[in-house]
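There are 6 protein chains.
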Amino acid sequence: MKNNSVFAVERTWPQYKSLVEDGQTPILIPVGSMEQHGHHMAMNVDVLLPNEFARRIAEQIGGLVAPPFMYGYKSHQKSGGGNFFSGTTSLDGGTLVSALKDLIKEFVRHGNRNFCLVNGHFENSWFISEGIDLALRELKWDGITGVKAVVLSYWDFVDEDTLAALYPNGFPGWEMEHAGVMETSLMLKLHPELVKLEDAIDHAPPAFPPYDVYPPHQDWTPATGTLSSPVEATAEKGELLLSVCTKRIVTALKKEFADRSAVSAAATAAQ
Amino acid sequence: MKNNSVFAVERTWPQYKSLVEDGQTPILIPVGSMEQHGHHMAMNVDVLLPNEFARRIAEQIGGLVAPPFMYGYKSHQKSGGGNFFSGTTSLDGGTLVSALKDLIKEFVRHGNRNFCLVNGHFENSWFISEGIDLALRELKWDGITGVKAVVLSYWDFVDEDTLAALYPNGFPGWEMEHAGVMETSLMLKLHPELVKLEDAIDHAPPAFPPYDVYPPHQDWTPATGTLSSPVEATAEKGELLLSVCTKRIVTALKKEFADRSAVSAAATAAQ
Amino acid sequence: MKNNSVFAVERTWPQYKSLVEDGQTPILIPVGSMEQHGHHMAMNVDVLLPNEFARRIAEQIGGLVAPPFMYGYKSHQKSGGGNFFSGTTSLDGGTLVSALKDLIKEFVRHGNRNFCLVNGHFENSWFISEGIDLALRELKWDGITGVKAVVLSYWDFVDEDTLAALYPNGFPGWEMEHAGVMETSLMLKLHPELVKLEDAIDHAPPAFPPYDVYPPHQDWTPATGTLSSPVEATAEKGELLLSVCTKRIVTALKKEFADRSAVSAAATAAQ
Amino acid sequence: MKNNSVFAVERTWPQYKSLVEDGQTPILIPVGSMEQHGHHMAMNVDVLLPNEFARRIAEQIGGLVAPPFMYGYKSHQKSGGGNFFSGTTSLDGGTLVSALKDLIKEFVRHGNRNFCLVNGHFENSWFISEGIDLALRELKWDGITGVKAVVLSYWDFVDEDTLAALYPNGFPGWEMEHAGVMETSLMLKLHPELVKLEDAIDHAPPAFPPYDVYPPHQDWTPATGTLSSPVEATAEKGELLLSVCTKRIVTALKKEFADRSAVSAAATAAQ
Amino acid sequence: MKNNSVFAVERTWPQYKSLVEDGQTPILIPVGSMEQHGHHMAMNVDVLLPNEFARRIAEQIGGLVAPPFMYGYKSHQKSGGGNFFSGTTSLDGGTLVSALKDLIKEFVRHGNRNFCLVNGHFENSWFISEGIDLALRELKWDGITGVKAVVLSYWDFVDEDTLAALYPNGFPGWEMEHAGVMETSLMLKLHPELVKLEDAIDHAPPAFPPYDVYPPHQDWTPATGTLSSPVEATAEKGELLLSVCTKRIVTALKKEFADRSAVSAAATAAQ
Amino acid sequence: MKNNSVFAVERTWPQYKSLVEDGQTPILIPVGSMEQHGHHMAMNVDVLLPNEFARRIAEQIGGLVAPPFMYGYKSHQKSGGGNFFSGTTSLDGGTLVSALKDLIKEFVRHGNRNFCLVNGHFENSWFISEGIDLALRELKWDGITGVKAVVLSYWDFVDEDTLAALYPNGFPGWEMEHAGVMETSLMLKLHPELVKLEDAIDHAPPAFPPYDVYPPHQDWTPATGTLSSPVEATAEKGELLLSVCTKRIVTALKKEFADRSAVSAAATAAQ
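Residue numbers (this note's numbering), protein chains in the order written: chain A, 1 to 271; chain B, 1001 to 1271; chain C, 2001 to 2271; chain D, 3001 to 3271; chain E, 4001 to 4271; chain F, 5001 to 5271.
For reference, chain A alone in the conformation it holds in the complex (with noise of 0.2 Å):
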């Protein structure tokens, strides 16, 4: 038996209640996607990077990682290539959020107090903070008002020195970072037998228009549905991003929930 699996269904449930039962154990959720990648990447990117940060972070401040979510929110052009790519595979924003939300309060129920959503698919952003905010509505009916939730997408915490890295040449924006120099590298490192970095295609990125068209010109999405370059990638850079973030998420998140213990055990008590 794992008896140290941060991942909490890998856990028996009289194990995991005895971690989770006093509201102290933090609980990252990985937030992913089902999407294009490009000719060069598998489409469960959105999924297994969040779950392998939401692992490395919970190792280091003691947390569980729930099952992620495999599905997310409609790709937008903008940002995945868009939602009309064969394999994209998505949920509409009302499911997206009241899966979230139902979920939420499931571990609350079992006494979760600490969450961190760690997202991994750039357009599940909005939906996660609705759904949090319907769970806190609703747990504030159920009488629990000492729950915590960080939303984060782990890009978010790369800095200057690792951009400069990354793209010697020019950052072209997180948007833009659509299976390009950032999720290859990564995939490199992590999964390299998902990444085939040969048939990756090397093309400036799409010059979009300050507005969207709905439908959209699928014709502004380069035809290979990335949307840079990835063919600077490398597992070192992926290595360095992995550790760069991982770190500064840590500390986000021991700040966040550090003398969480009191509210927890109100909270707790008051039910």
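Bear in mind the hints are in silico, worked out from the structure with no lab data behind them.
Note that beta-carbon positions come from the ideal geometry of N, C-alpha and C, so glycine has one too.
Worth double-checking, as some hints may not be accurate.
[Stated by the list, open to error] Under 10 Å between C-beta atoms, here's a sample of chain E residues computed to sit facing chain D:
#1 Asn4083
#2 Glu4138
#3 Trp4141
#4 Thr4145
#5 Val4147
#6 Tyr4167
#7 Arg4248
#8 Ile4249
Use these hints to put chains B, C, D, E and F onto chain A, whose structure you have.
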């Protein structure tokens, strides 16, 4: 690159597209749950088992496996112990229905016409039916009528001989098979690192009355969370189950998905 | 005026109020369906039977019967023939769930705390569960926690002796009991004017495979719409069923609703 | 067997099918409520009356009566006393809308094209409209456009002469006709066992101001729950109402449903 | 800066906060529609009129006016001509209900306890009621019970003398007052630049039968879209209407909102 | 009568109909919010600004402006200060999505095919996308596929030169532009009576960490509610912004809506 993976998300989108655009490749969607499985097993049993069945089936029928549903409908007292256990983490019925509806429609957009929902959690059954019904309704509105969905729970393919081999002292019934001999044997075969058989408690199945009560009488469920004793589980029994059920499911699906090329071609042409 | 009617709606509101405001009087809610029942019976079987069981039970436990649900969840091929028959008229799952939730909350507003959902249509089962779960959730938000709901299908109270008497040639299973010996016998006893036994077709139960298909293969269902042969139905068997099931349900409910005065009083006081 | 019943559920499905599949037989759906009706009447008035009107109309126009809605929208203070009375048991607006939408679509699936919603509860009106609008919208998506739905409340067919006969001392207005002379007279004629006229309270109609307040000022409603005095009700007035309204509704429906064969045939052909 | 504006959004938030945090300042919410108003008027009549009434009332009772609902429920044939006209732009019932529920809850979060919904579009009425009912329900779950909402349509405050002055040849009834003498007179007084009286068509009110049909018989509505003739409208009549209705509404609201300080204070304290 | 108004609701319906029925006239829908905008501005900034941009654009491209959304999605801490301020009044995500879906479908019913959503509130963005996606889905079910919707936020059209002129000391980023130099300058130009620049507080932008917390740490937001200092705002900067953004948006829309006559005509014919 895993060029031959049956897991859809381990392919690039162009690979996936070429496999599915004519609608001939069956898509298998495992539907699981995060649910307590007694003192002796991890809580991802209902995901791992249908996922593995789906993988084996897909290899034999030329199908692809979609990412599994990691969370399912609320645990029912008489089939999963009840939704009051710590660790058990469930969706509202409407959320599960919406998620299934959304995703089936997305896979159909890619060209897929043949689906198999591989259920690993008894309580999901009726919400899977409803999700498919709503998806077919909306697809009809899209002008797409050639979709076929098979729904199955792998245990329904256990035959009499296997039952006798599994339960030499008498079969307690499928509803009691929560973390019992069947599930535990399969896990011992596939994921022994997630089983701690020495912690399994030997007990008679509970004598549930012929009605349900809400909120449940928690003392109706054995304190362990199991509904029948797992102590006679063995990896050999697991091997037998995998072999028998996979074979019989493959036979059923080959029959259901045979001669579907005309339908799929017509459906695609109509888009 | 029917001063002693057990049908709640046959009372004036002051009479009703005095009966229910202390929460001691159980409310029985029949949940039925408009569904084809073969060539030999009317389509209100699933309403008339639970309504009559509820009436008899109410008389013995001092309960009141609420107006029945005239429509239920979609007919499933393996338990009701399938939702493709003319005459079968069903609600979406979400609608049935909402209706149950709304009404239970209203009855609780009147003071009621003890409920029995008397189901007459197999397919309703999981949506009844979900409706109650959502009602209890919202009632908790109202500060009301002392509500108890028993859910039962009358056929689950048939005992072994009665089964043997009903099916001397072997019991086909409850799921096959759609317009078969049990339902037809009850209708012959209670509403012979709605049965035309001479039009009943004698046929073996269909040999359904261990999976479902959507849209259903309509030819899996016997053309009559019945799932097992009703030709051996008699009014005497109906009388036996009424007697046995009513008696056993009454025993169960008396046990469940005993000693609830303290709970109800407290719940009422908390409003 | 009731071979000539106008109640659809009292037919076998083959009988029903042969009556409705060409879309020529109008379907009448009574929409009622469980609602307090003063100290002198049962709480099913709003179901029994439209059901009986529907029965009489169906006999004259060759229609079929569907099972009634037993529960309706929330009682409004100025037309039903308010939803705070014990006994009054109501659905949320969205639930009523969904139920109507679902059922109309099911009846259309059977072939029906001509509907009459026979309303017995004033508060249902706008939610019936919305339910029909949503049903027609979705039916249009199914490619079905030849559906016609007439919505009526029977009291709107009372003519001036009848009004004068009913209310020799002046008509208080339909909104005040909650458990007043009209409803009580109809019940005295049809269900005298559900009326206790000796318990009726004679009072002037309340002088409601020209606005509503939420939560309602409960003391605006007479304590009995009636909005106008029923003491002058008689079975003879009930007979007159039945006769006049039925006749006028029949005339209206014959006009609306005349010459619909071409439409229905075309609609059926288009499926 | 408009330091004395009664329009809430014309204040800074600190000004607004100081006005509303004790719950004493009534909030008036105009609820309108975008709807055709004949050949002679603009389509924002149902917004401009309740907005102006709200402004005048607010000035006299010390209230604040919230931004109006620019869109409302679907136009009904007998009160707005029908929802088939070009220009008429409506919300589904459920959307209007949700919007009202959301916004009332937000205003309550600010401290507000006294609301007046000023309706300018007949068809909104029942959906306003439902929206308020759902808001009050959820607020109760928040522990807030001291909220009071008055709902009114300004035309219900026209008195007999004014009616006689407006319609010397007989009052056609409020439902016929769609783009008729009342609305046109008010617009002539307030927004003559949006009226082209020379294009008004003089016609008798349509003789609607006592039932509705869906889809509507479009030829039941006069081709202009007006339901009664506006040709006798004058700015003087508008002035009279403004004066009479404002005065009477002010009287009503002063009564309803008097002595609410204790309630509000208690409600605020309970948060 | 304002015969030349670009505001759709200031036209009579026959005027409007003749302008839109061929689908050539673009409809501009401003989407705003009621939101605190610091100590120095009114709370309708997010409505007034997109409404004025829409007006200017409409005049140049021959479009019509629909009534604005007065309320939008919940204020986010990093772009609007957070939804905990008094005055900020927001819709749930699902409500905003439904409202947009409903209204776009209504405008399409009138014949419109070319839409521009002019956003004035950053937080609305993803819910606008979802609303349009759902509208296009349902319109497809109606058989209407020629609809095009452009979504834009006016500030995304500010060019580098203008940025330099607006923020000589460095641009804080658009997300910090809540009640800052840009919005304040526009208001000074257009509605100086709603600005009280002397009450503006000069402060550095807050240093938000790269993650969000729910419930928000309220002390992360400057107490004023502004996210960057507005003190350097001037009417001249507002004039520059109006001129630059309008011009660039007009260019973009002319391009997007050019040569749409064939599409629109076909779409109309298909109805």
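Hints and how they fare:
| no. | hint | result |
| --- | --- | --- |
| 1 | Asn4083 | 8 Å, holds |
| 2 | Glu4138 | 12 Å, violated |
| 3 | Trp4141 | 15 Å, violated |
| 4 | Thr4145 | 9 Å, holds |
| 5 | Val4147 | 8 Å, holds |
| 6 | Tyr4167 | 18 Å, violated |
| 7 | Arg4248 | 8 Å, holds |
| 8 | Ile4249 | 8 Å, holds |
Consistency with the previously given hints fails for numbers 2, 3 and 6, ordered from lowest to highest.
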